[in-house]
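**Q** Sequence:
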Amino acid sequence: MKENDLLTRTFTFGVNCLKFLRSLPNDPESKLIRFQLGKSATSIGANYEESQAGSSKADFKNKVKIALREARESNFWLRILEKLEGYDSEEFKALLNESTELKNILAAIVNNTKL
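Quick note on numbering: this note's numbering labels position 98 of the sequence shown as 98, and the sequence is numbered without any gaps.
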């Protein structure tokens, strides 16, 4: 059985975001972002995982669309952090880049899935 690289990438992205969120300060803004980004980042992988057992092409496409929305949201929160805190560590840049790549990949899957 061939390994699904996107399953691995979405899972790893969720884990890496959660690890990064541990480093945020405990101020009100960071608490909000920690909660929202934690939810959206892990939801990408959860929804893509669910799409793999879709009962139809329409079900598959719908689950991938949800994963895409969560990827967009994760990218949004990471861009907010970038502007608020000026994060420029390699770890942060990698998360921001991966969120953009996941967004693009999931959008391509949605656009290329014919019903």
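Worth flagging that the hints you see were computed from the coordinates, not collected in a lab.
Check the hints yourself; a few may be wrong.
Ranges of calculated distance between the beta carbons of each label pair, as one might list FRET restraints [to be verified]:
| id | residue 1 | residue 2 | range |
| --- | --- | --- | --- |
| 1 | ARG69 | THR8 | 37 to 47 Å |
| 2 | VAL15 | ASP88 | 34 to 44 Å |
| 3 | LYS39 | ALA107 | 30 to 40 Å |
| 4 | GLU101 | ALA46 | 30 to 40 Å |
| 5 | ASN26 | PHE76 | 30 to 40 Å |
| 6 | GLU29 | ASN112 | 36 to 46 Å |
| 7 | PHE11 | LEU115 | 26 to 36 Å |
| 8 | ALA58 | GLU91 | 13 to 23 Å |
| 9 | ASP27 | LYS93 | 20 to 30 Å |
| 10 | LEU115 | GLU49 | 27 to 37 Å |
Keep in mind it's a predicted model, so treat the numbers as computed, not measured.
C-beta: ideal position from N, C-alpha, C; glycine also.
**Q** A separate judgement is required for each hint: does it hold in the structure or not?
**A** Here is how each hint holds up against the structure:
{"no.": "1", "hint": "ARG69 to THR8: 37 to 47 Å", "in the structure": "21 Å, violated"}
{"no.": "2", "hint": "VAL15 to ASP88: 34 to 44 Å", "in the structure": "22 Å, violated"}
{"no.": "3", "hint": "LYS39 to ALA107: 30 to 40 Å", "in the structure": "21 Å, violated"}
{"no.": "4", "hint": "GLU101 to ALA46: 30 to 40 Å", "in the structure": "18 Å, violated"}
{"no.": "5", "hint": "ASN26 to PHE76: 30 to 40 Å", "in the structure": "22 Å, violated"}
{"no.": "6", "hint": "GLU29 to ASN112: 36 to 46 Å", "in the structure": "38 Å, holds"}
{"no.": "7", "hint": "PHE11 to LEU115: 26 to 36 Å", "in the structure": "27 Å, holds"}
{"no.": "8", "hint": "ALA58 to GLU91: 13 to 23 Å", "in the structure": "38 Å, violated"}
{"no.": "9", "hint": "ASP27 to LYS93: 20 to 30 Å", "in the structure": "22 Å, holds"}
{"no.": "10", "hint": "LEU115 to GLU49: 27 to 37 Å", "in the structure": "21 Å, violated"}
The structure is inconsistent with the numbered hints 1, 2, 3, 4, 5, 8 and 10, although it conforms to all the rest.
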